[in-house]
Structures are given as structure tokens and as C-alpha cells.
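Novice: Turn these sequences into a full structure, and let the hints guide you.
Residue numbers (this note's numbering), protein chains in the order written: chain R, 1 to 411; chain X, 1 to 355.
No lab work stands behind these hints, which were simulated from the structure alone.
Note that the coordinates shown come from a computational prediction; the quantities given were computed from them, not determined experimentally.
One or more hints might be untrue.
What the hints assert, rightly or not - Here are the in silico distance ranges between beta carbons for each label pair:
{"no.": "1", "chain 1": "X", "residue 1": "Ala261", "chain 2": "R", "residue 2": "Arg72", "range": "41 to 49 Å"}
{"no.": "2", "chain 1": "X", "residue 1": "Phe264", "chain 2": "R", "residue 2": "Ala316", "range": "32 to 40 Å"}
{"no.": "3", "chain 1": "R", "residue 1": "Ala313", "chain 2": "X", "residue 2": "Ala43", "range": "30 to 38 Å"}
{"no.": "4", "chain 1": "R", "residue 1": "Pro30", "chain 2": "X", "residue 2": "Arg351", "range": "20 to 28 Å"}
{"no.": "5", "chain 1": "R", "residue 1": "Ala316", "chain 2": "X", "residue 2": "Ala43", "range": "52 to 60 Å"}
{"no.": "6", "chain 1": "X", "residue 1": "Pro249", "chain 2": "R", "residue 2": "Gly211", "range": "27 to 35 Å"}
{"no.": "7", "chain 1": "X", "residue 1": "Arg351", "chain 2": "R", "residue 2": "Asp281", "range": "47 to 55 Å"}
{"no.": "8", "chain 1": "X", "residue 1": "Pro249", "chain 2": "R", "residue 2": "Asp290", "range": "48 to 56 Å"}
{"no.": "9", "chain 1": "X", "residue 1": "Ala238", "chain 2": "R", "residue 2": "Lys193", "range": "28 to 36 Å"}
{"no.": "10", "chain 1": "X", "residue 1": "Ala43", "chain 2": "R", "residue 2": "Thr194", "range": "54 to 62 Å"}
{"no.": "11", "chain 1": "X", "residue 1": "Arg351", "chain 2": "R", "residue 2": "Glu48", "range": "50 to 58 Å"}
{"no.": "12", "chain 1": "R", "residue 1": "Asp372", "chain 2": "X", "residue 2": "Phe264", "range": "14 to 22 Å"}
{"no.": "13", "chain 1": "X", "residue 1": "Ser140", "chain 2": "R", "residue 2": "Asp52", "range": "40 to 48 Å"}
{"no.": "14", "chain 1": "R", "residue 1": "Ala55", "chain 2": "X", "residue 2": "Ala238", "range": "30 to 38 Å"}
Unchecked claim - Selected chain R positions facing chain X (Cβ under 8 Å, derived; list incomplete):
{"no.": "15", "residue": "Asp147"}
{"no.": "16", "residue": "Arg218"}
{"no.": "17", "residue": "Ile220"}
{"no.": "18", "residue": "Asp297"}
{"no.": "19", "residue": "Met357"}
{"no.": "20", "residue": "Trp364"}
{"no.": "21", "residue": "Gly368"}
{"no.": "22", "residue": "Ala371"}
{"no.": "23", "residue": "Asp372"}
{"no.": "24", "residue": "Ile388"}
Unchecked claim - Straight-line C-alpha distance at most 20 Å; calculated DMTMM-like pairs for lysine to aspartate or glutamate:
{"no.": "25", "chain 1": "R", "residue 1": "Lys284", "chain 2": "X", "residue 2": "Asp132"}
{"no.": "26", "chain 1": "R", "residue 1": "Lys36", "chain 2": "R", "residue 2": "Glu89"}
{"no.": "27", "chain 1": "R", "residue 1": "Lys284", "chain 2": "X", "residue 2": "Asp13"}
Here a beta-carbon is modelled for each residue, glycine too, at the ideal position from N, C-alpha and C.
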Amino acid sequence: MATVAEPDTRADSIEAFRAEARDWLAANFPASLKGKDNGLSALEGPTELSADEAAWKQAMGEKGWGVPTWPREYGGGGLSRAEARVLAEEMARAGAWNPIGGMGVMMFGPTLLEYGSEEQKREHIPAIARGEVRWCQGYSEPNAGSDLANLQTFAEGAFDEEWGDHYVVNGQKTWTSGGQWADKCFALVRTDKTNKHGGISFLLIDMDSPGVETRPIRLISGSSPFCETFFTDVKVPKANRVGEEGQGWTIGKRLLQHERQNLSGGGSSASRFFAGKSLHDLAKEYRGVDAEGRIADADLRMRIVRHEMDVRAFMATLRRAALEAKAQAGPSAASSIMKNVGARITQERAELAIEIMGMQGLGWEGEGFSADELAQTRTWLWGKAVSIYGGSSEIQNNIVAKRMLGMLDHQ
Amino acid sequence: MAVLNDEQAMLRDMAREWVDNEAPVSAYRRMRDTAPAAGFDAASWGEIGQMGWPGIVVPEQYGGSAFGYLSLGLVLEQMGRNLVAAPLAASAVAATAIAEGGSDAVKQAWLPRIASGEVVAALAIDEGPRHDRRFEASISGGALSGHKAFVAEGDSAGVFVVAAADGLYLVDGAADGVARSPRRLIDARSHADVRFDGAAAEKLGDTALTDRVCDLAATAAAAEMLGLASQAFETTNAYLKQRVQFGQPLATFQALQHRMAKMFTELELMRSVVEAALEAIDAGRSDLDQAACLAKAVAGETVHLVSREMIQLHGGIGMTDEHDAGFYMKRAQVLETMWGSAAWQRERFARMNGY
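Specialist: Set out below in C-alpha cells:
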């Protein structure tokens with residue numbers, strides 16, 4: 001039987017896309033920004049963009065490549081996962097970085113695409129894709145931390161001529177990341193006081209509504225990336241509810257899965273910190289080497305080795321989980337450990353770094369310390385939050401015990 | 001708890017009462033916020049002087065009470081509980097160096113004023129960002145030159161006990177050739193950079209005295225760490241009993257109970273080695289180096305564990321500046337680093353014991 005050599009259309013189209021991405025980046029990514037990702041994250045306040053940064057953000061926003069796999073019709077890139085990977089490779093090659101980020105991209109957007117009404121998606125997704133709207137998360141409350149479903153912020157149904165069907169929201173949220181700078185808040189509120197999990201609804205609240213007040217919380221690192229947010233008789237149209245009344249816990253938990261996915265990358269940048277130095281470079285610089293060129297302090301040296309091995313095991317697990325997720329079209333069992341391992345690595349790395357520097361790593365401000373040293377001290381202090389936010393390590397372990405190991409709830 | 005005589009028990013109770021009533025953590029917070037150049041509150045130090053604590057290890061003929069290091073440790077422990085910022089440890093250990101090595105004239109000139117708290121004495125030992133007992137400071141014609149780093153209480157010190165390559169010296173803080181500049185660390189206490197440039201110096205002893213003084217300082221630090229860790233633990237334990245999540249106090253969760261039990265275990269071990277080192281000083285034991293090394297190593301690891309767990313078990317509130325947990329971790333890390341980290345003490349332990 002004669003065979004006709006069929007062109008591998010899939011491979012061809014991927015390579016065609018690679019060429020397209022490369023050309024587009026060459027035409028649109030300002031050379032001046034090469035490798036200068038300033039890590040504009042949701043936790044930072046608004047920063048003045050340079051002309052090149054603004055142009056780059058606008059180009060990516062219009063192209064939709066800041067959210068490459070989101071649907072084209074809502075302003076996303078409409079790319080397949082394979083294409084998105086190619087785009088990431090080409091961006092890395094060009095030294096380009098994604099100027100579109102924040103909670104809207106990481107958590108809220110994917111959740112709204114899944115649960116939002118057509119009107120809600122059309123209203124909110126394109127603005128997130130263009131990086132125009134800052135979202136914050138109204139989840140935790142003073143008495144609803146690990147026990148999130150204990151939240152008490154109450155949204156009472158009401159009607160008047162001006163607002164039509166609406167809610168009147170009263171209560172307090174805390175750890176509102178970037179709340180002082182956010183335009184909008186996706187919040188879990190209670191619409192039924194008689195039903196713990198089933199009485200929660202998912203509500204979108206304008207942060208400039210009358211009755212919304214934010215108060216920054218100063219952390220042990222000296223920064224204030226979080227707020228307390230107070231709601232006093234805040235009117236919110238019922239049209240701003242995502243999903244049905246009482247569906248908020250289901251939607252809210254889905255969003256947390258997106259959050260966990262984004263938080264688990266923590267340990268993967270292990271080799272890049274302190275002005276690009278690895279821990280062992282840092283140790284050799286600060287502690288010196290012995291006659292054989294080894295880090296002078298044998299005890300410290302072996303703990304750095306143990307840490308580096310931990311990092312490599314984590315990286316291998318990230319790779320394995322990605323492959324398994326692709327092969328089985330669902331999350332790998334290994335994904336359940338990612339946040340805790342990522343947090344552990346982040347914190348150990350910071351602990352080792354300041355131990356390496358000795359007193360030089362304990363500066364708060366002023367003379368006698370380099371900018372890198374002072375930054376590392378603050379990084380160490382801030383890093384203590386990593387095992388607390390986004391579901392503490394204890395809660396992650398509960399999830400592993402219950403979901404992965406089939407263990408029973410605490411009675 | 002070490003077996004105390006009546007005098008010691010009374011001193012401990014008095015210290016506990018004073019720190020609770022007069023020097024709560026809010027006083028430390030106020031000091032942090034107002035940032036006095038000395039790194040401590042002068043009025044509070046004045047009260048400590050009136051109570052005679054700076055003279056606890058000073059011989060009676062020089063205005064002290066000569067109660068000894070276990071007594072000093074009891075006071076430092078109570079102060080450590082509330083993170084009291086005061087130059088007591090530095091002054092007391094420096095006073096011992098002067099008492100053991102100074103001429104009669106030197107002792108007469110400095111000890112009574114140190115014992116009353118009028119003069120702060122500081123130990124200018126380390127020359128870099130960690131304790132390694134390697135000294136380049138040198139003496140030439142009775143004048144000392146060298147650079148000393150992170151000198152605790154160096155900002156206010158009226159007199160320095162300085163380690164040079166060949167031994168320990170005393171330098172008047174007001175002498176020509178003494179220059180200091182402040183270093184702001186995470187604990188908001190005094191850690192000055194001090195440069196001696198041909199400053200007039202009096203010899204106190206050879207390198208054996210330097211080693212001994214370092215061990216005294218490490219033991220005093222360990223006593224403060226014992227109080228710090230104990231209070232961090234108790235505050236955390238109280239919080240777990242009070243904080244309700246999932247409809248019950250956190251203290252009902254076995255996973256947390258076991259973590260607290262583990263910390264309690266470590267704290268008991270820590271108390272034993274710290275008190276043993278304090279007692280070894282008072283007993284004049286020749287193996288003080290072993291006891292101090294063990295105490296500082298165990299103290300370092302325990303205070304590290306407990307101060308980190310304090311934040312983690314408090315959850316988000318422990319990350320806020322408004323809560324005290326961060327103060328405990330910051331001071332803990334400084335104390336862990338001063339006078340030999342746990343890693344350095346382990347290495348030293350290995351060498352001392354022929355491993």
C-alpha cells in the first residue's frame with residue numbers, strides 16, 4: 001500500500017506560531033526593557049510606568065498575550081496550552097516579561113470565566129486582560145482565617161428605587177492584599193446566617209462605593225501590603241453576585257485552587273535571589289573557603305547542601321506534576337504538597353541567607369549595610385507569611401490528610 | 001528550675017514583678033518607636049540601677065552585691081521575657097572582666113559606677129559580623145588600635161572591655177581615639193561600630209581571660225534567651241487556648257498540641273543547660289567552656305524554634321507589627337547570632353571534645 005507522506009500539521013502550526021510570536025515580540029517589546037521585569041505584582045502599590053513600560057503593557061493588553069489561554073472573545077490570547085508554552089519560551093528568549101498580572105489574572109479571571117454570567121464576563125474579563133482594573137480579595141475576616149467558612153460579613157437583600165434589587169453589606173475583611181489600591185473586590189459574604197457553608201455568596205464590590213474603608217496593616221517586615229477593609233451599609237447590585245445565592249463557597253474554593261497553583265511556584269526561583277547569587281556563592285563570599293575551596297563552615301555547608309537537594313527535589317516534582325497533569329488531564333496527586341514545600345524552601349533559603357551573613361544580615365536600615373543585605377533581611381521577615389497566607393501549612397496538611405490519604409475530619 | 005536560696009528566689013520574684021509592672025513589651029515597643037540613641041530607655045535603666053542589678057556580679061567592696069551569675073541569670077531571664085531593652089548583660093560581664101583583671105585603681109575607678117548603673121560598660125570583642133574569637137586589634141605603647149563590630153551597648157558605653165590579639169584591655173569610652181557609629185538592627189537595640197585608633201588602654205588579662213569573658217557573655221545571652229523563649233511559648237500557648245476556629249479552641253487540635261509538647265520538651269532541656277552554665281560560673285568550674293558552649297548552642301536552637309512557631313501558630317496576626325510576635329523573633333535572631341551561633345558552638349564542641 002502506498003503511503004502518502006502527510007505533513008505534521010500540528011508541529012508545523014506550532015512552528016508557524018513560534019515565528020509569529022518571535023516577529024511580534026521583535027516588533028513590540030521595547031529593547032530597553034529587556035530582562036527588566038520589575039515584578040509588578042498585586043502586592044505592590046501603583047507605580048509610575050515609563051513610556052516604554054506603558055507601551056509594552058498596552059501592546060500585550062491589546063494582543064491578549066498577558067492572559068494567553070483566555071478566550072479571544074473576552075480579550076484573551078485564545079492560545080492553546082502548547083502555543084502558550086511556545087510564547088513563554090520566546091518571551092524568555094527575548095528577555096521579555098508579562099506586564100499583565102495581579103489577582104484578577106491569577107485568581108479571579110479564571111474563576112469568573114468558569115462561573116460568571118455572560119454579562120459579567122464581558123464587563124470584567126477584557127479589563128483584566130488589558131491590566132486596567134486592580135482586583136483585591138475579600139475573603140479572610142478576624143474570626144475567619146483557617147476556618148474561612150466562619151465568615152460573618154453579611155449581605156442583606158434590599159430594594160429601593162435607585163438601586164433596584166441590591167444587597168446592603170456590613171462587616172470586616174482582613175488581609176485584603178493591595179486593598180488600598182484596588183478598584184474592585186471579589187468577596188465572600190454571608191447571605192444566610194442559618195447555613196455555614198451554604199449561606200455564603202460570591203459578590204463583586206466596587207472599592208469606591210460609599211461605606212468601604214481600608215486601613216493598611218503594617219507587617220513585621222515594615223511593609224503594608226495588606227489592609228483591613230470595613231464595609232458599612234455598602235450597597236451592591238444583585239447583578240454583581242457571581243453564581244446563585246449560597247453558591248459562594250463552591251466558587252470561592254475553586255478560586256482558592258487557582259491561588260494555590262500560583263503560590264506554589266515559591267521555591268522554584270531558589271537559585272535567583274540576592275542579586276543573582278546562589279546560597280553557596282553567598283556563603284563563600286561571606287564565610288570564606290577552606291584549603292580545599294569548600295565553604296569554611298562545615299556545619300553550614302552541609303545544611304546548604306541539604307537545602308539545595310530539597311530545591312532540586314521540588315523542581316523535579318514540579319516537572320513531574322506538570323507532565324502527569326498533561327497526561328491524565330487533571331491535577332497530579334503531587335500538586336497537593338506544592339504549597340507547603342514551596343513555603344518551606346522559601347523560608348529555609350531566607351534563614352540560611354541571613355545566617356550566612358551573621359549580624360550583617362540583621363540590619364534594619366541605615367549605614368553599615370548594603371542595599372542587598374537590607375533587602376534580604378526584609379525578605380526573610382516577609383517570608384514568614386508564606387506558610388500562613390493562602391491556606392496555612394496546617395490547612396494544607398489537613399487537605400492532604402483528608403483528600404489524599406482519606407483520613408477523617410477532626411471530630 | 002535551679003534550686004534557689006531565699007535571696008535568689010526573692011530576687012527572681014522581684015525581677016518578675018518589676019518587668020511585668022514597669023517594663024511590659026509595650027515599653028519595648030515605645031523604645032523601638034522613639035528610638036533613643038542609647039538603644040534603651042534611660043528612666044528604666046535608672047530604676048534597674050536603683051534596684052542594684054548592675055552590681056549583682058560586682059564584689060561588695062566595689063559597691064556590688066556579689067550575688068553571682070545564677071542571680072544575674074534569673075534577672076536576665078525575667079527581662080528576656082518582656083524583651084526589656086537595658087545594658088545589663090553587657091555591663092555585668094564587662095564588670096566581671098574588670099573585677100578579675102583590673103588593677104586596684106582601675107577597679108576603684110570603674111566598678112562602683114558600673115554597679116550603680118551610672119556607667120554602662122560594653123564588651124568590644126567581635127571584629128566582624130559573627131563571633132569567631134579571632135582578633136586583629138593590637139597594642140602599641142599602651143595604645144589600642146582596631147575595629148570592633150556590632151558592639152552591644154556601644155552607643156552609650158562609658159567604658160569598653162576590648163579584645164586584642166594578645167588579651168583583654170580596658171579603654172575609657174571618653175578617651176581620645178575612640179569613635180563609634182550606630183548600626184540599626186532589627187531588634188532596635190544598640191549595636192555600635194567602634195573604632196579604636198591609638199586609644200589609651202590598660203591590660204586586664206591574657207587571651208584566657210578573653211575566652212572566659214566570651215563564655216560569660218554567651219551564658220548571659222543564653223539566660224535572656226531562656227526568658228524570651230519561655231514567654232514566647234507561654235504567649236503562644238495562651239493564644240491557642242483562646243483562638244476559636246472550626247467551632248473550637250485551636251488548643252484542642254492534636255497536631256498543635258504535639259507541637260507545643262515538643263517545644264515544652266526543648267524548653268526544659270534548654271533551662272537545664274542554661275542554669276548549669278550559670279552555676280558553673282558561680283562554682284568556679286574549670287569546664288565552664290563546655291557548659292557555656294552547650295548552653296549557647298541549645299539556647300540558639302530552642303529560641304529559633306519557639307520564636308518561629310510563635311509566628312506560625314498565631315497565623316496572620318503574628319505577622320503584624322501591631323502584635324509582639326515579630327519582636328520576639330527579631331530579638332531571638334540577634335541573640336542567636338551574638339556570642340557564637342548554634343553552628344559555631346557545635347563546631348567548637350566538636351573541637352573541644354576531640355571529635
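Novice: With reference to the structure, classify each hint as holding or not holding.
Specialist: Taking the hints in turn, this is what the structure says about them:
Remark: the range hint 41 to 49 Å for X:Ala261 to R:Arg72 is contradicted by a beta-carbon distance near 57 Å. The supplied range of 32 to 40 Å is met by X:Phe264 and R:Ala316, whose beta-carbon atoms lie about 37 Å from each other. The hint said 30 to 38 Å for the Cβ distance between R:Ala313 and X:Ala43, and at roughly 54 Å that hint is violated. At roughly 58 Å, the beta carbons of R:Pro30 and X:Arg351 sit outside the given window of 20 to 28 Å.
A hinted range of 52 to 60 Å holds for the C-beta pair R:Ala316 and X:Ala43, which are about 59 Å apart. At roughly 34 Å, the beta-carbon separation of X:Pro249 and R:Gly211 lies within the given 27 to 35 Å, and the hint holds. Between X:Arg351 and R:Asp281, the C-beta spacing of about 27 Å breaks the proposed range 47 to 55 Å. Here the CB-CB span from X:Pro249 to R:Asp290 is close to 52 Å, well matched to the stated 48 to 56 Å.
Checked against the hint of 28 to 36 Å, the pair X:Ala238 and R:Lys193 passes, with Cβ atoms roughly 30 Å apart. Between X:Ala43 and R:Thr194 the beta carbon distance is about 56 Å. The supplied range of 54 to 62 Å therefore holds. Roughly 56 Å separates the CB atoms of X:Arg351 and R:Glu48, a value that falls within the hinted 50 to 58 Å. Distance hint check: the CB atoms of R:Asp372 and X:Phe264 are about 39 Å apart, inconsistent with the given range 14 to 22 Å.
Roughly 59 Å separates the CB atoms of X:Ser140 and R:Asp52, a value that falls outside the hinted 40 to 48 Å. The supplied range of 30 to 38 Å is broken by R:Ala55 and X:Ala238, whose beta-carbon atoms lie about 56 Å from each other. Interface hint status for R:Asp147: upheld, as the beta-carbon distance to the closest one in chain X is roughly 4 Å, under 8 Å. With a cut of 8 Å, the hint placing R:Arg218 at the interface with chain X holds, because the nearest CB-to-CB distance is about 4 Å.
Among the interface hints, the one on R:Ile220 holds; its C-beta lies about 3 Å from the nearest C-beta in chain X, closer than the 8 Å criterion. A hinted interface residue such as R:Asp297 counts as satisfied when its beta carbon comes closer than 8 Å to some beta carbon of chain X; here the least separation is about 6 Å, so the hint holds. With its C-beta approaching chain X no nearer than about 6 Å, R:Met357 sits inside the 8 Å limit, and its interface hint holds. A hinted interface residue such as R:Trp364 counts as satisfied when its beta carbon comes closer than 8 Å to some beta carbon of chain X; here the least separation is about 5 Å, so the hint holds.
A least Cβ separation of about 5 Å between R:Gly368 and chain X falls short of the 8 Å threshold, and the interface hint therefore holds. With 8 Å as the threshold, the beta carbon of R:Ala371 stays out of range of chain X, its nearest partner Cβ sitting at about 14 Å, so the hint is violated. With 8 Å as the threshold, the beta carbon of R:Asp372 stays out of range of chain X, its nearest partner Cβ sitting at about 14 Å, so the hint is violated. The interface hint given for R:Ile388 holds, since its Cβ lies 5 Å from the closest Cβ of chain X, which is under the 8 Å cut-off.
Restraint check for R:Lys284 and X:Asp132: satisfied, since their Cα atoms lie roughly 16 Å apart, inside the 20 Å limit. The hinted pair formed by R:Lys36 and R:Glu89 meets the criterion: a straight-line CA distance of about 17 Å does not exceed 20 Å. At roughly 48 Å between alpha-carbon atoms, R:Lys284 and X:Asp13 are farther apart than 20 Å, so this suggested pair is violated.
The structure fails hints 1, 3, 4, 7, 12, 13, 14, 22, 23, 27 (numbered hints given earlier, in ascending order).
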